[in-house]
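Dock chain C against the given chain P, drawing on the hints supplied.
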Amino acid sequence: MIRQSQGGIVRAQGIGQRLKRGFLFLVLALFCVYYLAPLVVMVSTSLKSLEEIRQGTLISLPQSINFEAWAKAWTSACVGVRCDGLAPYVWNSVLMAVPAVAISTFLGALNGFALTKWRFRGADVIFALMLFGAFIPFQVVLLPMARTLGVLGLAGTVPGLILVHTVYGLAFTTLFFRNFFIGVSDGIVRAAQVDGASFFGIFFRIILPMSLPAIVVTLIWQFTQIWNDFLFGIAFTVGESNPVTVALNNVVNTSTGVKEYNVDMAAAIIAALPTLAVYVLAGSYFVRGLSAGAVKG
Amino acid sequence: MAVTGSPPRIRWRSFDRWLPQIVVSPLFAMSLFFVYGFIGWTLYISFTRSGVMPDYRLDGIGQYVRLWSTPRWHVALRNLVTFSVLFISLCLAIGILLAILLDQRIRIEGAIRTIYLYPMALSFIVTGTVWKWLLNPGLGLERVMRQAGFESFSFDWLVNSNYAIYTVVIAGVWQSSGYAMALFLAGLRSVDDQVLKAAAIDGAGPLRTYFSIVLPMMRPVFMSTVIILGHLAIKSFDLVMALTGGGPGYATDMPATFMYAFAFQRSELGVAAASAVMMLVTVVAIIVPYLYSELRGARR
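Protein chains in written order, with my numbering: chain P, 2 to 298; chain C, 9 to 308.
In case anyone wonders, no lab produced these hints; they're calculated from the structure. Just so it is clear, CB atoms sit at the ideal spot from N, CA and C, and this is done for glycine as well. Do not take every clue at face value.
[To be verified] Okay, the calculated bits of chain P under chain C, using three or more residues with CB under 8 angstroms as the criterion:
| id | stretch |
| --- | --- |
| 1 | 39 to 50 |
| 2 | 89 to 102 |
| 3 | 106 to 116 |
| 4 | 163 to 172 |
| 5 | 208 to 215 |
[Said to hold, decoys possible] Here are the computed distance ranges between Cβ atoms for each label pair:
| id | chain 1 | residue 1 | chain 2 | residue 2 | range |
| --- | --- | --- | --- | --- | --- |
| 6 | C | Arg113 | P | Arg206 | 41 to 47 angstroms |
| 7 | C | Leu27 | P | Val99 | 24 to 30 angstroms |
| 8 | C | Phe41 | P | Val82 | 54 to 60 angstroms |
| 9 | P | Arg83 | C | Phe219 | 42 to 48 angstroms |
| 10 | C | Gly255 | P | Leu213 | 45 to 51 angstroms |
| 11 | P | Gly15 | C | Ala119 | 23 to 29 angstroms |
| 12 | C | Phe23 | P | Ser186 | 32 to 38 angstroms |
| 13 | C | Asp63 | P | Asn67 | 54 to 60 angstroms |
| 14 | P | Gln18 | C | Ile209 | 16 to 22 angstroms |
| 15 | C | Ser275 | P | Ala278 | 36 to 42 angstroms |
[Unchecked claim] Pulled a few chain P residues facing chain C out of the computed Cβ check, cut under 10 angstroms:
| id | residue |
| --- | --- |
| 16 | Val28 |
| 17 | Arg120 |
| 18 | Leu130 |
| 19 | Pro138 |
| 20 | Met146 |
| 21 | Gly157 |
| 22 | Thr175 |
| 23 | Asp230 |
| 24 | Val252 |
| 25 | Thr255 |
One chain only, chain P, in its complex shape (with noise of 0.2 angstroms):
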């Protein structure tokens, strides 16, 4: 078989080229097991049963399927002292996460609409500035954010921590609109004003329905960060209100009693289950997330 390369770096050509080409695939193959081994690893153990996990080892795999260790983690795992298992802090990742992802985007489409399609003097400047927020290291607000939340009454609560990823998540959101923003000519608004259209007719009747792939970026990328957050759960939530994140931790981490890690495991993937479910489901405006977020880190 010979390739015709059009262009390209490598052309596949005669036997030489094909024992490359096997080399090539075998390179990419290892490193497909380099990363899926953990998370083969991670779903055979919650299978197991712990005697076959002192018996075995990490690659044995189970002799039966057995989803004890998973309706152990939903309903029984002890979370510190509470033994109600993930499911109320699975909830309270729901009730934290859409809010939160719903109500940043929202105010990061109009911020950037604002910004860049009517370009007040100073727009520039207010842009940039907010834009050095998605870029701190948390750690400099979370002094003061405790004492304020605690001001305001919201200290230790899901409304509290839905404000904080609000407030964070905005200079993102408003950088993802923003970019999105300045490939769309500036002629639809003008004739739009032209036929007296208002700020937020134009808004809601042209350039929303037009951004639909930003937004669906903007939101898949949003609700990964939040929900996956562990350092704003951790530092202004306790106890019944922590995402779940932080109940995985605490689960992992709980020293008391027999270690069962069939059950730490069956933790992780249910943790793990929404943000890679989108992943899959929506790979590619992920990646394009990803890509945007090249600004972000």
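Okay, now just chain C, sitting in the frame of chain P:
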């Protein structure tokens, strides 16, 4: 200019003209308060004698002196350097290698890319939990190797204070190297095909083409990847907490975990604030020149 329409309509019009500013103001105010105001507060506290409670009387650089004479802070800084250097260079090496390999018109590239990149969708807490189990001294990798015939194989890095920091590197690289790959691949794709054709016509082999033509052209991608990874490294908190909890002892402490421990566990607000300011200064030194060039580049 002639006035058209009734007076109320004019008033509405001028209101509408100011709407963009009116919309942006509260958001900007929020940012001023929650970002700059809070940074200011932390900065101020770092110059006071605050202990368990904030104390607003200024006290000079006492907290910074205390910070820099705390052995734990030096451990944290050493760990940050060790971690950053290894984390960044390994991610870069793997990222470039995989990007070049994937750039060879692989038919199932999409599927492979998906596999390389999925760890980025996971929380660092999940990654830490998994690697804590994989590297478990006794039941983890050690058991696998012993059963495979290497009876004396031992791997206790996770609980060995001299080596624990390297387990953080291992898990971090596993999670983030796919990201480096994606950034490099995007960079490779943006290289003009004409350049590649010219190189091929001049008789340059694939290796030569990559090392003397393509990679030098990707210097901007290289720079931004290093900055992104460095930024991740300085902020790394979750992974350390999940994998080692900063232990054994404080052997794997990093500035981020140090600050958290002093703020929320030991209640030494002044030292915590001083360490947070040090982190901010480091990030600003890296990110501001980068942002400046990025924004200027975007405007051009």
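Against the structure, the hints come out as follows:
1. Three residues within the 8 angstroms Cβ limit are the bar, and the stretch 39 to 50 of chain P against chain C gives 5, so the coverage statement holds.
2. Under a criterion of three residues with beta carbons nearer than 8 angstroms to beta carbons of chain C, the stated coverage of the stretch 89 to 102 of chain P fails, only 0 such residues being counted.
3. Coverage of the stretch 106 to 116 of chain P by chain C holds in this model, with 5 residues showing a Cβ closer than 8 angstroms to a Cβ of that chain against a need of three.
4. For a cut-off of 8 angstroms, the count of residues in the stretch 163 to 172 of chain P with a CB near a CB of chain C stands at 4, and the three-residue condition holds.
5. Here the stretch 208 to 215 of chain P counts 0 residues with a CB under 8 angstroms from a CB of chain C, which misses the bar of 3, and the coverage is violated.
6. In this structure the hint that C/Arg113 and P/Arg206 lie 41 to 47 angstroms apart at CB holds, the actual value being about 44 angstroms.
7. Separated by about 28 angstroms at the C-beta atoms, C/Leu27 and P/Val99 satisfy the suggested range of 24 to 30 angstroms.
8. Take C/Phe41 and P/Val82: their Cβ atoms lie about 37 angstroms apart, and the range 54 to 60 angstroms is violated.
9. For the pair P/Arg83 and C/Phe219, the beta carbons lie near 57 angstroms from each other, so the given range of 42 to 48 angstroms is not met.
10. For the pair C/Gly255 and P/Leu213, the beta carbons lie near 47 angstroms from each other, so the given range of 45 to 51 angstroms is met.
11. For the pair P/Gly15 and C/Ala119, the supplied restraint of 23 to 29 angstroms holds, since their beta-carbon distance comes to about 27 angstroms.
12. Look at C/Phe23 against P/Ser186: about 26 angstroms separates their beta carbons, and that is not inside 32 to 38 angstroms.
13. Our hint of 54 to 60 angstroms for C/Asp63 and P/Asn67 holds, since their Cβ atoms are close to 57 angstroms apart.
14. As the Cβ distance of P/Gln18 to C/Ile209 is approximately 19 angstroms, the hint placing it in 16 to 22 angstroms holds.
15. For C/Ser275 and P/Ala278, the Cβ-Cβ distance of about 40 angstroms falls inside the hinted range of 36 to 42 angstroms, so the restraint holds.
16. Checking P/Val28 against chain C: minimum C-beta separation of about 6 angstroms stays under 10 angstroms; hint holds.
17. With a cut of 10 angstroms, the hint placing P/Arg120 at the interface with chain C holds, because the nearest CB-to-CB distance is about 9 angstroms.
18. Interface hint status for P/Leu130: upheld, as the beta-carbon distance to the closest one in chain C is roughly 7 angstroms, under 10 angstroms.
19. Look at P/Pro138: its Cβ gets to within about 4 angstroms of chain C, closer than 10 angstroms, so that hint holds up.
20. Nearest Cβ of chain C to the Cβ of P/Met146: about 6 angstroms, under the 10 angstroms cut. The hint holds.
21. Look at P/Gly157: its Cβ only gets to about 13 angstroms from chain C, farther than 10 angstroms, so that hint breaks.
22. The interface hint given for P/Thr175 is met, as the beta carbon of that residue sits about 8 angstroms from the closest beta carbon of chain C, less than 10 angstroms.
23. The beta carbon of P/Asp230 is positioned within 10 angstroms of a beta carbon in chain C (closest approach about 8 angstroms), and the interface hint is therefore held.
24. The closest approach between the C-beta of P/Val252 and any C-beta of chain C is roughly 9 angstroms, which is under the 10 angstroms cut-off, so the hint is satisfied.
25. The beta carbon of P/Thr255 comes no nearer than 12 angstroms to any beta carbon in chain C, farther than 10 angstroms, and the hint placing it at the interface is violated.
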